[in-house]
Structure formats: structure tokens, C-alpha cells
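Residues per chain, in single letters:
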Amino acid sequence: MITLGCDIGSLFSKAVILDGDRVTASQVVRTTGNTGEEIEGLLRAVIRQAGLKREQVACVVATGNGADLVKDADRVEDVVTCVGAAAGYYLPEVQLSIDVGGQSTTSMLLDEDGEIRDFMRNDKCAAGSGRFLEVMAEKLGVKVAEIDQTATRAAKAIELSSQCGVFAESEVITHLNNGEPMPDIIAGVCASVAKMVLAQGRRFGTADHFTLTGGVAKLQAVTRIIRENLGGTFHPFPHDPQLATAIGAALLGSPD
Amino acid sequence: MLFAGIDIGSLTAEAVVIEDGKILGAEIISVLPHPLDSAREVMGRLSSKQGIQWRDIQYTVSTGYGREQLQKEGLAQENISEISCHGLGAYALCPEVRTVIDIGGQDAKVIKIAASGELENFVMNDKCAAGTGHFLEVMSRTLGVALEEIGPLSLGSRKPVEMSNRCTIYVETEVIHFLQRGVPKKDVAAGINRAMAERVLALVRRVNPEPEVMLTGGVAKNVAVKNELERMLNVKVVPTKIDPQIIGAFGAALFAQRKAGAG
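Top to bottom, those sequences are chains S and E.
Okay, so the first sequence: first residue is 7 according to the working numbering, each after it adds one.
Okay, so the second sequence: first residue is 14 according to the working numbering, each after it adds one.
None of these hints come from the bench; they were simulated from the model.
Here the structure is a predicted model, which is why all the values come from computation and not from measurement.
Note that the Cβ used here is the ideal one computed from N, Cα and C, for glycine as well.
Treat the hints loosely; a few may be bogus.
Unchecked claim - Derived CB-CB ranges, DEER-like:
{"#": "1", "chain 1": "S", "residue 1": "D74", "chain 2": "E", "residue 2": "V220", "range": "20 to 26 Å"}
{"#": "2", "chain 1": "E", "residue 1": "V248", "chain 2": "S", "residue 2": "P244", "range": "33 to 39 Å"}
{"#": "3", "chain 1": "S", "residue 1": "K149", "chain 2": "E", "residue 2": "W67", "range": "48 to 54 Å"}
{"#": "4", "chain 1": "S", "residue 1": "R209", "chain 2": "E", "residue 2": "W67", "range": "50 to 56 Å"}
{"#": "5", "chain 1": "S", "residue 1": "L75", "chain 2": "E", "residue 2": "V248", "range": "20 to 26 Å"}
To be verified - Negatives, chain E to chain S, calculated, CB over 10 Å:
{"#": "6", "residue": "D69"}
{"#": "7", "residue": "K140"}
{"#": "8", "residue": "Y183"}
To be verified - Rough simulated footprint, nothing fancy, chain E against chain S, three-plus residues with beta-carbon under 8 Å:
{"#": "9", "region": "80-88"}
{"#": "10", "region": "121-133"}
{"#": "11", "region": "189-195"}
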């Protein structure tokens, strides 16, 4: 059965096509103000990429902040349900799944059947979010895609004393003006994000097996700190972690 | 005999000189990178504009971020916390004040004062930019209006936009989206001021706010935030006879007078 999952996030909109549980196409676009047209384009693009016609897609499942704007959706699912479903399906050994997205961080406790037993979500504060990283990278004149490469050159991580993104931004500028090396500042920014994610993940206690999803999970400079400090064994999500929620939505489109 | 109070904040520095409890001169500047430079600059302006000389000042109290450094370097004989200074400044202006809401550039405080003028309690937010002057600074930049205009601009709004976020960074994105959709600036400004007041309100609710209520600090000059807080708290805030931004420095000067044994 062919299903389409789309995750309209705060920073990026993602769409995937699943043939059973196999990802056959995926698209990611920046979410702008003009969401209606953007979503239609995204869906068309992913269907075309898979070499399909709309009629061949059995079910379109939408999720994320902008899920209601997906006119073509057969179903709308909660974002936590979707990302939990993806982690639980592909990584059944995992008990803790942490999703770090553009404007939210969600920790989910999964049971043996991959069902969500409990979860915690921060979408109120930018500390520890993808947006936090974006704001800092922009101030430092570094592209988000270059963060990993820059951070590997760091001699040390300059610790940020504020968690608040706005106050941290002032700190970053001060460090820059004081002539601190860019890699060291970037490493400090990544450490700040990792620290917030760790603080949330730890509130469920230690899990033997965990995974990380969401756009931020693509950054080694952040995930390395989480992997080294959270405890338990890390299991990488078997696809692009930024697509996890969209994949979960598509999985929910297939009957069990 | 003259007494001075110097308040170095995160964005602005203020100095007030008093004689017999009355304000002789006051200055506000944008801070310089170093608190000592800010103190010298703001006092220098008092001297050049109002002819008040350092040597004529008998006792100086520093407050704010750089207060300890100022004392160490001999620019002040003593340093006292902003909480105490705002409390005393507000009480001196109006002895009926029981709740002082001080909204500065990077923090906000709510101070409870007893009928005797003693500090009863306080709560503070210095962890999150929402509900501080910094929030308004970011929003005025995004909106493309001067910080002082964001209050008056929103008074003309009948349909303030509703912000779905609290975080400064997320609200900034929301503001951009509202503007992209062609929502009038005054309605966005009104939504910004309301969101600002809501964050302050959350802090105020952590103490039992009792009348009279006074607003101090730079944000007190934003008429829309003041109106929103009055509506939400269902009180009229006490009008201040002096610029609310200098109340901390005024309180510090009053402490200086007290410390010198002259009142």
C-alpha cells in the first residue's frame, strides 16, 4: 500500500511516500508565510519524484503545526503520535525517543509495542530548539549546514550562561566582539542546545536504548554531546531524522 | 548637601542628584561597554549640562549591574540592590505604594512594600527575555518603528493580533508573518504590547499584588503596556511625578542621603 505523510513544521515542511514501510520519495521545503500553495507544490513534487499519480496514493496523512492547511489530506494526526509511531516501528528496542524540531523538543517514552506511554514537550521556549541554532548561526554568519564542520575545528566550547535565545544572542555577539574563535562559539551554542535536550530527556530517568529525530538530530555537534551524556545505547533513526514525523504520518496511513 | 544615585542597567544608565530629598538633576544615557565608563559618562553629563560637580556630592550609592565595580573603583561609597532602590524610590514618590512593577531592559521585578516602606517580598525574571524591555526592542526592530513609538502606535488599534507564542524568538517570527499578510502595523503593535503585558502579569501574579501599584523602569513609558496591565490587574497605576526610568537611581540617591546621616 502506498501512503503519503506530510509534516508541516514551523521551519520546514516535509513530505514522504511510503510503499509499505519503505521510503520511496521525500521532499523538504522551507515553511514560509505562503503555506497553502507551498503545501500543494510539496505534495505534487513528492508524488512526481516517486513516479506516481495522485490516484495511486491510498492515503494522505498530514501532521505538524500547519496540518490543517493540507487540503488534500485524508487524515490529520497529532505530531507526537506520528514521530512516536516512526521511532516505535523502525526501532522497537528503543524506550526513549527525543525529537528536536524547529520550534519544539519532545521526549517520548515508548513501551514494548512501540506505543507512547508518556511524553513531554517544550514548544513554549526557543532554548534547545532548531530555531535557536538558526538564530545563533545567522548572528555568527555561518550556515546551519556548516555548523558541524565549523564545530570540529573548536579547541573548546565557550559556555553560554543564558538559556534564553535572545539573551544568548547578546552573549554570542559579545564573544565575537571579544575576538573569540568562531568554532569555539559555535561549539558553545551546540552544547547549549544539547544541554536543554538532555535536561528534558533525563526527566524520564535513564533508558537503556534511545534515538534522536527531528532536524537537529542531523547535527553531529549536538547529537554527540547527547549520545555521550544521556546514558543508554543510541540507535540512529534509519532514515533522515528530519523526516521521522512525516514517515510516522505515512505509516499511520496504512491499516495495521 | 548633594547626594547621588547611579543606576547602571543592561541598556541604559541613569544618574540622579538630590538635595534635601528633591531632585536637582538627572541624566539617562545608553550604556557603554564598561559600567565604569557608563558611570563617568552619565555623571559627566550632569556636570556639563547642569553644572553639578563630583566634588560637591557628599555620598554616592550605585545600583544595577555594575554596582559592585563602581564601589570598588571609588565611583560610589556604597552599592545597594536594584530591588531596594526601586522600592525606596517608589515609596518616596508615593507612600501608599504597595506593589512596584519594575520592567528593565533585560529583566522584570515585582516588589512588595509594607506600609512602613520596608521591602516585603519580590519576584524576578531575568532568565527569559519575554516580559522584559528586550522583548519590545526586538519587536520594534522587526516592526520597523522606534521603541518609543510602539506604545502610541498601538493605541489606534481596534483589532490587536493574538500572539500564539510567548517566546521572543517565536513571537518575532509571528510578527513577520502578520506583516507579510498585510496586517496593519498598529494591530501588530497592539498585539505585541498585549503579549508583553501578559508576560509581566504572570510575574505579578506570583505575588499578591495590592494597590497602589507603580510602574518603574523604561517600559513604564510604554502607554499601551501600562493600559493593558491596568486592564488585566483591574487597577489604575499611580502616576509618577518623575521619569519612571530614573526611579532606581532616585532610590539610590535617597539611600546615599540616608547613609550619610542626612535624612
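Handout entry: Index of numbered hints that the structure contradicts, given in increasing order
Key = Hints 1, 2, 5, 7, 8, 9 and 11 are the ones this structure does not satisfy, whereas the remaining hints hold.
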